[in-house]
Amino acid sequence: MSAILPLRLQGVSFAAGGRMIIPPLDLTLEAGASTIILGANGAGKSVLMRLMHGLLAPSTGRVVWSTDGPRRRQAMVFQRPVMLRRSALANVVYALDAAGVPVGQQARLAREALQEVGLSHVAGRAARVLSGGEQQRLALARAWALHPEVLFLDEPTANLDPGATREIEAIIKAFDVAGTKIVMSTHNLGQARRLGDEVIFLHQGRVAERAPIDRFFPQPASPEAAAFVKGELPWD
Amino acid sequence: MLEAILGGLRLVATLDLRLWEIVGLSLAVSLSAVVFATLLGLPLGAAIAVGRFPGRQAVIVVLNALMGLPPVVVGLFVYLLLSRAGPLGELGLLFTPPAMVIAQTILIVPIIAALARQAVEDAWREYEEQLRSLGVDGLRGALTVLWDIRFSLLTAVLAGLGRASAEVGAVMIVGGNIDGVTRVMTTTIALETSKGDLPLALGLGIVLIAIVLALNAGAHLAKEAAQRRHG
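Chains A and B supply the protein sequences, listed in that same order.
Start counting the first sequence at 1; every next residue gets the next number (the numbering used here).
Start counting the second sequence at 1001; every next residue gets the next number (the numbering used here).
Derived from the structure by calculation, the hints contain no laboratory data.
Here a beta-carbon is modelled for each residue, glycine too, at the ideal position from N, C-alpha and C.
Treat the hints with caution; some may be incorrect.
[As the list claims (entries may be wrong)] Examples of chain A residues lying across from chain B (beta carbon under 7 Å, computed):
#, residue
1, 55
2, 57
3, 76
4, 98
5, 122
6, 128
7, 133
Please take these sequences and the hints and turn them into a complete structure.
Listed below in structure tokens is the structure:
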């Protein structure tokens, strides 16, 4: 199985309702390093990840993976997970089935994924009655079962309390250790430091700065990033 | 007045054959219409909810307007279709129960389709990204959503059943209210009231209300139970 990374965005832009959200940009994501996408609200973080994941079609330019048909080898976890009205286990099985995993293996893989995120004890419970943190872990289990090469996470802990956030971060670490490329947006700078290797800083849809995490926080090169890191809101 | 009500209750309690025949035919006609209208209306509503095509907004406006279709107009339309000189006159269906089923089906397809459209559209807005992220598109996505909101759709189907079992105009015109053949609860109530046989009319009225109430209570309980179980 040849790798789907690197992912190349070539002249990709996105406009909606006459407003340019992402002006044309070129960007390459390599395997390995965990990438954190930072930026103020409305900077285009979610749109950029949706363009990468294929949920949005670029207005111009191309999103190119190294091999064709990468849909099933990438997964995305949203800020608010959407669970089907069935058991936690059945939600994972559904994802496996959609990915074309043979029926005979689905239940075993789903149970392993629930085990991984520490939800084995609620496998039979209705997914929608689980707590917010549990539902987000279930969303991660759904991704884990697919063994994706790339995992996109759009502010996965924005709605969660510190305890649940720690559990989610541990699972994201496990993905990283297992060799999955992490691409995550977050507003939590501590989280960015804990999980990231490099930062892509977006300002008004443009990549204002891209830097290793160790360099970005102490010495942001762009004025927008410097203001953001200091906690100032870069109005202009 | 009290006498008439007691007479009505007596007919219900003593399982009066004439009364229960009428009740049976009513249920058979309306339930058949609901089955057909559900088979047509749910996919139609789901397709409009999920589909993106020119004129979609106009279709939605028309569909919502058709929810208020006057039964007598539907009756007249089906009458013209099925009358001897009409395009489907050959079938000889006029003044038979199948004609009544056809009329009621036409009457309630828009109700089921419009309510399903709204429910599916709301759910689709919530599910679309997640499903597409999982690689689920098109028909499979639509079926997943329909199955997931099946208890909400039950409400749409029941609204159709309520409308079908309560309407008079359409079944009166295409059925002809023939004693023992096409006489249903609502047409009988209309006729017997004008004839002055209040006990039968009241008895049927009591049964009609009881049926509608029981169906809605059942649906409500099913939905509540599902809500508790599935969230």
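- Which earlier hints can't be squared with this structure? Hints 2, 5 and 7 contradicted; others consistent.
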